[in-house]
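Go ahead and model the full structure; you've got the sequences and the hints to work with.
2 protein chains.
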Amino acid sequence: MDERTAGRRKAIRKAQREYRWEGVECLPYKEDERALFKAVTRQILFSDPDLAGELRYFEVAPGGFTSLERHEHMHGVLILRGRGKCLVGTEVRAIEPHDLVTVPAWTWHQFRAASDEPLGFLCMVDATRDRPQLPTEAELAELKADAKIAAFLEDGAKSG
Amino acid sequence: MDERTAGRRKAIRKAQREYRWEGVECLPYKEDERALFKAVTRQILFSDPDLAGELRYFEVAPGGFTSLERHEHMHGVLILRGRGKCLVGTEVRAIEPHDLVTVPAWTWHQFRAASDEPLGFLCMVDATRDRPQLPTEAELAELKADAKIAAFLEDGAKSG
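Line by line, the protein sequences are chains S and Z.
In terms of the numbering used here, the first sequence has 158 at position 158, counting the first letter as 1, and numbering is strictly consecutive.
In terms of the numbering used here, the second sequence has 38 at position 38, counting the first letter as 1, and numbering is strictly consecutive.
Just to be clear, a hint being listed does not mean it is correct.
If chains are identical, the list can't say which one is meant, so a pair holds when it fits in one copy or spans any two.
[Unchecked claim] In silico BS3-like pairs for lysine-lysine, Cα to Cα no more than 30 Å straight-line: (1) 38 to 148; (2) 144 to 38; (3) 30 to 144; (4) 144 to 10; (5) 148 to 30.
Just so you know, these hints were derived from the structure itself, not from any lab.
Every value quoted in this text rests on a predicted model; they were computed, and no experiment measured them.
The following block contains the structure:
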């Protein structure tokens, strides 16, 4: 059991101010520099050799957005704070606290915070999972052929 | 894909009043009649053939409690509303919104709502898991030999 796992094995980790948790590191969103994203942090709430899933908390600062990506693994998302919009496949939807967002396998998705409020969400994934794919220029052009997706990608937060 | 799975595959399921969700059934806590519990409901937020984990929302009415049990599978719990106390192993701790509770394998645990407020929490588990064990009389006596556990089990909510 390494130090991080040991920390996670504490029976109780208290919630702290501003969506931080005792013993939970606030991490950069991605190590992957290819991805385009803005103002996102990541906290790993549950990750353990005895768990098949992981639960993470992501927070997108006002006006920020996660990377536009797809992958084989599925996401189960619960909005915890703030509001914004998300793209899932070809759907653009407003999101607010406690809404559930399902991202099936191989589905393009992105989360955007409103311009005046952070957007925080829990995301459950399989512990063992594939790496995200980013859109090629051709795929991006295809997505943007849909006017509502183009508007979302160009100005999702402000129009929220 | 059956009807329930299809519902869960909707991209967005809106949060509704009072910690209910669009398309999510409010279920009895347990089908198992052996277990002693009081005033608990269960909603399955994410459960899918493509997910190794499940995310459920449990709500314990004021003064209610979940069953005292243990099992091989692990729990990752995030308190969503209200307050109360929990027993994890030999620890009795107060819990409030956004606290994280880790229940390792084979650890006795129970959640109790305060007498004046419901306690609602998310619980992540493996989709494939063993059935809970309830304490034998001897095991219960052993737990109650610890005065703080005895107080928790007899009157956890009121002393909260």
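Hints and how they fare:
1. 38 to 148: Within one copy only: 21 Å inside a chain, 48 Å across chains, cut-off 30 Å.
2. 144 to 38: within (20 Å within a copy, 52 Å between copies)
3. 30 to 144: within (24 Å within a copy, 47 Å between copies)
4. 144 to 10: Intra 46 Å, inter 22 Å, cutoff 30 Å: inter-copy only.
5. 148 to 30: Within one copy only: 27 Å inside, 44 Å across.
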